[in-house]
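J.: Protein chains in written order, with the numbering used here: chain A, 1 to 72; chain B, 1 to 351.
Because the hints were derived from the structure by calculation, they are not lab data.
All residues carry an ideal CB built from backbone N, CA and C; glycine is no exception.
Some hints could be false.
Cβ-Cβ distance ranges computed for the label pairs, FRET-style [what the hints assert, rightly or not]:
1) Gly-59/A x Asn-154/B: 24 to 32 Å
2) Thr-48/B x Ala-26/A: 36 to 44 Å
3) Ala-20/A x Asn-154/B: 48 to 56 Å
4) Val-160/B x Ala-20/A: 29 to 37 Å
5) Asn-62/B x Ala-52/A: 45 to 53 Å
6) Gly-59/A x Glu-126/B: 55 to 63 Å
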Amino acid sequence: MRVLVINNDGGGFADYVDVAEGTTVAQLFEQQVGSTEPNRYLIRVNRQPCPAHQVLREGDRVSITPTKIEGA
Amino acid sequence: MIRQQRLLVRMAIAIHERLGSRTTDDSCVTLPAVAWQQCETLNRRIRTAVDRGWTLAADRLNHDLRVAVERLRNETATLHCKLQRTSTEHRKATVNDIYADLVALHDEFAQVTFNQRKRVLSVTTEAIELEGIHLGPFEIRLDWTDIAEGHPHNYRVIAVDPHPASSNDRVTHPHVQDEVVCEGDAREPICQALEQGRLLDFFMIIASLLRTYNSGSPFVSLSEWHSIECVECGNMVCGDERRTCEICETTVCGDCCCNCTDCDGNFCNECMTRCGKCDCRHCTHCIRQCSRCDCERCRGCLDDNERCSDCHDHDFEEEAEPLDRNTSGHRSDDAIAPLQPNRVGQVAVPS
């Protein structure tokens with residue numbers, strides 16, 4: 001199934017990605033960001049806060065935004 | 001449908017129309033010539049300041065150059081990304097996406113306001129405190145007229161209850177000057193969010209940036225937030241080290257502060273002057289001018305009639321002379337001396 005992933009860390013890309021059925025938010029986060037510190041990110045599914053074990057559904061919109069972004 | 005929802009739908013449609021009205025051709029880019037020109041101008045001024053030994057001015061210009069180079073770097077990075085993306089189709093937000101973002105903004109931020117006529121959408125953050133320094137809430141105001149263009153300056157960050165740096169009231173946040181954010185790491189995500197019409201992401205990125213302090217390159221560092229620059233040496237001074245000139249009210253550090261020996265006040269170097277007689281330093285309030293010759297003297301070096309010692313002596317001589325002269329032109333001691341009898345030689349000759 002396809003979900004829209006918006007990664008506001010680094011390049012800030014937004015793209016559809018294919019994920020396996022039953023994939024959770026935590027698993028997608030690990031795949032996309034590779035970080036072991038999800039508490040440093042605001043993760044929203046369909047613009048709503050979500051638990052780490054929430055299972056993703058077709059067409060979900062997942063946004064990942066760092067809580068700390070350094071200005072210059 | 002309640003009134004608020006209708007307003008949001010109308011707003012979403014209007015923003016979506018602007019998002020689809022991209023006017024510039026991606027194959028034509030504008031080079032950051034203005035930013036480069038600013039760097040060149042500042043560099044030339046620095047050279048002039050160094051040549052003339054104006055070290056404080058050179059330091060300030062160096063700071064300005066650093067900011068200008070950062071701006072140039074950001075604009076170049078944006079251009080680089082833009083050129084890379086020219087061949088790819090952007091994913092644009094739909095009306096539904098924008099509407100959902102507008103609704104979600106109300107969950108994320110305490111205050112959301114919009115003005116469709118002025119094409120302005122703004123949110124207000126909570127009061128922000130960084131490293132114990134209260135900066136207050138900030139309004140992030142987006143002008144979505146040119147939202148599709150991804151302009152770097154189509155939004156402003158306004159301090160609602162400003163607590164600016166003591167040394168520069170234009171700096172309301174370590175990364176905000178003149179209501180413009182120095183975006184740093186957030187630049188590319190911000191551009192992408194605006195170009196694609198992801199309003200919720202845009203505001204959340206800016207809010208995250210405002211809640212973060214990067215000690216590497218702030219406009220004014222938090223450690224110096226309450227400090228003021230010494231007008232003499234340019235060092236930042238705070239708290240007990242700070243002195244205020246009692247005449248011009250500028251701030252000087254303890255090392256550069258001058259003390260007047262007459263009134264015991266604190267003054268900057270500019271407001272001090274030397275007595276031409278005793279060479280002691282006094283404030284310009286305590287130094288006087290001789291009532292005759294206008295030379296500068298301290299109180300101790302003027303007489304009761306506000307005259308310097310030279311004028312005092314001169315006047316004394318002038319006052320004494322008429323009494324000392326008789327009508328024949330001889331000296332007065334000759335006039336009052338007893339006459340010497342002829343040929344007797346018994347009277348003392350006046351000396």
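J.: Take the hints in turn and mark each one as holding or not.
T.: Results for each hint:
Between Gly-59/A and Asn-154/B the Cβ separation comes to about 30 Å, which falls inside the hinted range of 24 to 32 Å. Our hint of 36 to 44 Å for Thr-48/B and Ala-26/A is violated, since their Cβ atoms are close to 59 Å apart. At about 40 Å, the CB distance of Ala-20/A to Asn-154/B disagrees with the hint of 48 to 56 Å. Taken as a hint, the range 29 to 37 Å is violated for the pair Val-160/B and Ala-20/A, whose Cβ atoms sit roughly 46 Å apart.
Remark: the range hint 45 to 53 Å for Asn-62/B to Ala-52/A is upheld by a beta-carbon distance near 48 Å. At about 32 Å, the beta-carbon gap between Gly-59/A and Glu-126/B misses the expected band of 55 to 63 Å.
In summary, the structure is inconsistent with hints 2, 3, 4 and 6 from the numbered list given earlier, while agreeing with the others.
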